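Asker: Between the sequences and the hints, there should be enough to build the whole structure, so can you do that?
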Amino acid sequence: MRRVRAFRFWTRAVEVSALAVAICFSMGASDASARFNDLGHRMMCTCGCAQMLGECNHVGCPESGRMRVELTGAIASGESDQQILDGFAAKYGATVLAAPTTRGFDLVAWIAPFAVFAAALLGTILLIRRWGGLGGGAEAVAAADAAILDPQERERVERIRRETSVEGGI
Amino acid sequence: MATFGTFCLLIGLALAAYNLLAGAVALSVLAAGPALDARPNLFQTLLGRIGARISPERLADTARRAGIAGFWAVTGAAFALVWSVFNNDFSITYILEHSNRALPVAYKFAALWSGQEGSLLLWAWLLATYGFVLRLRHKTDVKLYAYAGTILAGVQVFFLTVLVWAAPPFSLWQGAVPEDGRGLNPLLQYPEMVIHPPMLYLGYVGFSVPFAFALGALTMRYPGEKWIRITRTWTMVTWLFLTCGIFLGMHWAYAVLGWGGYWGWDPVENASFMPWLTGTAFLHSVMMQERKGMMKSWNVWLIFSTFLLTLLGTLLTRAGLVSSVHAFAQSSIGTWFIVFMGIVLAVCIFTYIFQRGHLKTEHHLESLVSRESSFLFNNLVLLSACFLILWGTLYPILSEYVEGSKVTMGAPWYNREAVPIGLFLLFLTGVGPLLPWRATSLKAIKRNFVLPSIALWAAAIVCAIAGAWPWKDGVFDAGNFYALVAFALAAAVLTAIVAEFLRGASVISRQTRRNLFSALWLLTRRNTRRYGGYLVHIGVVIVVVGLAGSAFNRNVESELGLHGRMSVGPYTLEQVGATQDSNLNYNSEYAMLDVYKNGQRQFQMTPEKRFYLASGQPQTMVAIHSIPEWDLYVVYEGTNPSTGQPIIKAFLNPLVGWIWIGLAVIVLGTFVALAPSLAPATAVLRVPAARAAIAQPALKGGD
Numbered sequence: 001m002r003r004v005r006a007f008r009f010w011t012r013a014v015e016v017s018a019l020a021v022a023i024c025f026s027m028g029a030s031d032a033s034a035r036f037n038d039l040g041h042r043m044m045c046t047c048g049c050a051q052m053l054g055e056c057n058h059v060g061c062p063e064s065g066r067m068r069v070e071l072t073g074a075i076a077s078g079e080s081d082q083q084i085l086d087g088f089a090a091k092y093g094a095t096v097l098a099a100p101t102t103r104g105f106d107l108v109a110w111i112a113p114f115a116v117f118a119a120a121l122l123g124t125i126l127l128i129r130r131w132g133g134l135g136g137g138a139e140a141v142a143a144a145d146a147a148i149l150d151p152q153e154r155e156r157v158e159r160i161r162r163e164t165s166v167e168g169g170i
Numbered sequence: 001m002a003t004f005g006t007f008c009l010l011i012g013l014a015l016a017a018y019n020l021l022a023g024a025v026a027l028s029v030l031a032a033g034p035a036l037d038a039r040p041n042l043f044q045t046l047l048g049r050i051g052a053r054i055s056p057e058r059l060a061d062t063a064r065r066a067g068i069a070g071f072w073a074v075t076g077a078a079f080a081l082v083w084s085v086f087n088n089d090f091s092i093t094y095i096l097e098h099s100n101r102a103l104p105v106a107y108k109f110a111a112l113w114s115g116q117e118g119s120l121l122l123w124a125w126l127l128a129t130y131g132f133v134l135r136l137r138h139k140t141d142v143k144l145y146a147y148a149g150t151i152l153a154g155v156q157v158f159f160l161t162v163l164v165w166a167a168p169p170f171s172l173w174q175g176a177v178p179e180d181g182r183g184l185n186p187l188l189q190y191p192e193m194v195i196h197p198p199m200l201y202l203g204y205v206g207f208s209v210p211f212a213f214a215l216g217a218l219t220m221r222y223p224g225e226k227w228i229r230i231t232r233t234w235t236m237v238t239w240l241f242l243t244c245g246i247f248l249g250m251h252w253a254y255a256v257l258g259w260g261g262y263w264g265w266d267p268v269e270n271a272s273f274m275p276w277l278t279g280t281a282f283l284h285s286v287m288m289q290e291r292k293g294m295m296k297s298w299n300v301w302l303i304f305s306t307f308l309l310t311l312l313g314t315l316l317t318r319a320g321l322v323s324s325v326h327a328f329a330q331s332s333i334g335t336w337f338i339v340f341m342g343i344v345l346a347v348c349i350f351t352y353i354f355q356r357g358h359l360k361t362e363h364h365l366e367s368l369v370s371r372e373s374s375f376l377f378n379n380l381v382l383l384s385a386c387f388l389i390l391w392g393t394l395y396p397i398l399s400e401y402v403e404g405s406k407v408t409m410g411a412p413w414y415n416r417e418a419v420p421i422g423l424f425l426l427f428l429t430g431v432g433p434l435l436p437w438r439a440t441s442l443k444a445i446k447r448n449f450v451l452p453s454i455a456l457w458a459a460a461i462v463c464a465i466a467g468a469w470p471w472k473d474g475v476f477d478a479g480n481f482y483a484l485v486a487f488a489l490a491a492a493v494l495t496a497i498v499a500e501f502l503r504g505a506s507v508i509s510r511q512t513r514r515n516l517f518s519a520l521w522l523l524t525r526r527n528t529r530r531y532g533g534y535l536v537h538i539g540v541v542i543v544v545v546g547l548a549g550s551a552f553n554r555n556v557e558s559e560l561g562l563h564g565r566m567s568v569g570p571y572t573l574e575q576v577g578a579t580q581d582s583n584l585n586y587n588s589e590y591a592m593l594d595v596y597k598n599g600q601r602q603f604q605m606t607p608e609k610r611f612y613l614a615s616g617q618p619q620t621m622v623a624i625h626s627i628p629e630w631d632l633y634v635v636y637e638g639t640n641p642s643t644g645q646p647i648i649k650a651f652l653n654p655l656v657g658w659i660w661i662g663l664a665v666i667v668l669g670t671f672v673a674l675a676p677s678l679a680p681a682t683a684v685l686r687v688p689a690a691r692a693a694i695a696q697p698a699l700k701g702g703d
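Those protein sequence lines, which keep their order, are chains G and R. Going by my numbering, the letters in the first sequence line up with residues 1 to 170, in that order. Going by my numbering, the letters in the second sequence line up with residues 1 to 703, in that order.
There may be inaccurate statements among the hints.
Simulated restraints on C-beta separations [claimed, not checked]:
| no. | chain 1 | residue 1 | chain 2 | residue 2 | range |
| --- | --- | --- | --- | --- | --- |
| 1 | G | 91 | R | 554 | 25 to 35 Å |
| 2 | G | 87 | R | 626 | 39 to 49 Å |
| 3 | R | 345 | G | 126 | 23 to 33 Å |
| 4 | R | 347 | G | 127 | 21 to 31 Å |
| 5 | G | 80 | R | 291 | 56 to 66 Å |
| 6 | R | 350 | G | 126 | 29 to 39 Å |
| 7 | R | 105 | G | 47 | 31 to 41 Å |
| 8 | G | 126 | R | 676 | 35 to 45 Å |
| 9 | R | 102 | G | 87 | 43 to 53 Å |
Sample of chain G residues at the chain R side, in silico, Cβ under 10 Å [to be verified]:
| no. | residue |
| --- | --- |
| 10 | 34 |
| 11 | 41 |
| 12 | 94 |
| 13 | 95 |
| 14 | 96 |
| 15 | 99 |
| 16 | 101 |
| 17 | 104 |
| 18 | 108 |
| 19 | 116 |
| 20 | 127 |
| 21 | 128 |
Derived by calculation from the structure, the hints in this document are not laboratory data. As the structure is a computational prediction, the values presented were derived from the model and not from experiment. Don't be surprised by glycine CBs; every beta carbon is placed ideally from N, CA and C.
Answerer: Okay, here's the thing in structure tokens:
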């Protein structure tokens, strides 16, 4: 009973934490200059300098000045962040966005690394628990391996160990 | 010289091919052994006949000597290219395109790796050098070194083949030879560029050596932990070179590119980071194999993957598969690399399948909360990070294939995906050393984690009060949030490691009556590997603190007339003049800026803009004033064409200096870990005679 209660507690705690983090990360900038800064760092300059639009303002850049004016205009006209990003992507191509969208196939770009990490984490935990369930492993496994190993093979390995009794590298 | 260089390459290729073939034949005959007399197949009969004329041991030795001679041949080719650069031999296309007469001496060397052909030649030469050292040390373990030497020869054959047919560095310029060359890329004319690429290449190429040992050991069914002991120094030195190479590249990007940052998640940067991650995972997981006989297959595949990632990195940066700002070394040799990687992967899989019975683990993990588990999770996180970066680097190709259009995987994507994983890794850096081997009790966990937990919360509160609060004007700032978490974790990890040092030192101090510093010194010398590793972890923590500082970067840009002023943070910059200079290589313009703080003049900064004559390209030379608190980073962006006044961009980048300090600690820690530990017997002798009796117990044990 205590275990069930503890499990429920931790499940709730994880849910609340996840919700809090999700709310925090979904909160966006509200005023115009903060929105300009935010959106300027979600788009790339298209001049080929590989810099963010908000950071690329080097002298003589043929693109960034015009794009920044467009961005300021779009914010002033009351477009939402998503509308602005969509508008830029339609005009300059998807590469103007500094990160893939979270729609369609591009969602895979966001999910895959965490999915792989979560799967690997889960697999590792299950593996360790399974090994633990084998009875603490060390002696039992060593004995099992000793039974599996071919005596000739073991003798050969030991011979190599004796012949190459070196401990160091270079 | 072009003829001599080409001849050297051909000789080198022939010698490497002989090394590979003769070595393979000799080792096959030796491996077949008495089986040849029983029921030999056709191949074994052929090998037996060759072996009958010359003993396999002798044949293997001729292969080894061919490898040594091959080093001199490749050295001859590298010398020929360097000689041609210094003598301005513009009849060679490579020299014409990457050098000019006015190029300073140090950068003439840099011309060797500034282009495709030269950098491949550098790769081949470094590989030959590693092979040369390895073959000279063959008496350490004749048979294993013979296997490793033969495998290295196989890698060398590939690189020399590419150099001879696909990217010849000595091809001659067709037509009238120009009076002067086109010059070195201005981005490369910076001191770090003389050191950074060779360091990076030493790291890349160096991983060929543990790869060769691992594959050789697996082929000959060599006892697992022995090849790891033999290659430990190679691996650590290689890892150190790669680490230094990456950090030097960061510093170069910071000081030359003028955008105020040091890491842009460019595919070329990613290419160097991926093998570093797997190499780091390998350095940790081999400890499991050495101590517990575990993770043998895992380790073999880690080192195989690391080597393959070095090749993939080269492929990515040269084949133009992904767009990169590092466009100075691209060509169409991608197919060669893809084929070679396919062959290497096939050989690895084939060898593993046939020899995997030899890699049976001797123990299993016993508890989720143990040192072994922490190593496993550390590997998991490092490999997840590697996958993430590989995914981010290759996703534009996948997207283009699936959707028909490329996408950009920029800093926002990497920051959101990689930073949480990085923080988890930092957490493990602190947790790992606190956990004992095998299993631990809840009580022990509580005892070990009290201090780090206090440090974590104390740091979080102090940082939040000092301004690292994640909410600004009611808006959540993810950068600040991550920085706060990083500072808190860094404090916890640092406390955990320092507590480990102090715990050990206090025992020695109590039992030998030494002072604490002397006890710390003895403790470290007694187990250099363990405490060197801890020092490396401290270095990593310092680096993380430096990286977290980027969340608070500020910048301001202004057009400054004479005595015009601009402010950034506590500093005020006043333009007090501009000047020009010129030499045979470039013309330059400087802005002279007096820097004031609290109304007092502190120092002068002179950011510069250069115009290289040979290439006709401009280049920024940033002025940086670095103190532990922050860097004042000033860029002279040029002049406004309409007003003629200089445009200055000033950044205030907090804690950047910590990154370079962290690197120094990592280097120090690696050197300590490489040094041999004081043997317990010797350690006792160093203790004053009167105290030796009570000193002994403190000098036993340890990891």
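Asker: Could you run down the list of hints and mark each one as holding or not?
Answerer: Each hint tested on the structure:
Between residue 91/G and residue 554/R the Cβ separation comes to about 31 Å, which falls inside the hinted range of 25 to 35 Å. Take residue 87/G and residue 626/R: their Cβ atoms lie about 41 Å apart, and the range 39 to 49 Å holds. The hint said 23 to 33 Å for the Cβ distance between residue 345/R and residue 126/G, and at roughly 28 Å that hint holds. With their beta carbons about 28 Å apart, residue 347/R and residue 127/G fall inside the hinted range of 21 to 31 Å.
A C-beta distance of roughly 57 Å is found between residue 80/G and residue 291/R, which places it inside the suggested range of 56 to 66 Å. Under the hint 29 to 39 Å, the C-beta atoms of residue 350/R and residue 126/G, about 30 Å apart, fit the expected range. Taken as a hint, the range 31 to 41 Å holds for the pair residue 105/R and residue 47/G, whose Cβ atoms sit roughly 35 Å apart. Between residue 126/G and residue 676/R the Cβ separation comes to about 40 Å, which falls inside the hinted range of 35 to 45 Å.
Between residue 102/R and residue 87/G the Cβ separation comes to about 49 Å, which falls inside the hinted range of 43 to 53 Å. Of the supplied interface hints, the one on residue 34/G holds, with its beta-carbon coming within about 7 Å of a beta-carbon of chain R, less than 10 Å. For the restraint placing residue 41/G at the interface with chain R, the shortest Cβ-Cβ distance is roughly 7 Å, inside the 10 Å limit, so the hint holds. Interface restraint check for residue 94/G: the shortest CB-CB distance to chain R comes to about 5 Å, inside 10 Å, so the restraint holds.
The closest approach between the C-beta of residue 95/G and any C-beta of chain R is roughly 5 Å, which is under the 10 Å cut-off, so the hint is satisfied. Interface hint at residue 96/G: satisfied, since its Cβ lies 8 Å from the closest Cβ of chain R, which is below the 10 Å cut-off. For residue 99/G, the interface hint holds, the least distance from its beta-carbon to any beta-carbon of chain R being 4 Å, beneath 10 Å. For the restraint placing residue 101/G at the interface with chain R, the shortest Cβ-Cβ distance is roughly 8 Å, inside the 10 Å limit, so the hint holds.
For residue 104/G, the suggested interface contact is upheld, since its CB lies about 8 Å from the closest CB of chain R, less than 10 Å. Interface restraint check for residue 108/G: the shortest CB-CB distance to chain R comes to about 8 Å, inside 10 Å, so the restraint holds. The criterion of a C-beta within 10 Å of any C-beta in chain R is met by residue 116/G, whose closest approach is roughly 6 Å, and the hint holds. A distance limit of 10 Å between C-beta atoms decides the matter here; for residue 127/G the minimum to chain R is near 8 Å, and the interface restraint holds.
The beta carbon of residue 128/G comes within 5 Å of a beta carbon in chain R, closer than 10 Å, and the hint placing it at the interface holds.
Comparing the model with each numbered hint stated earlier shows that all of them hold.
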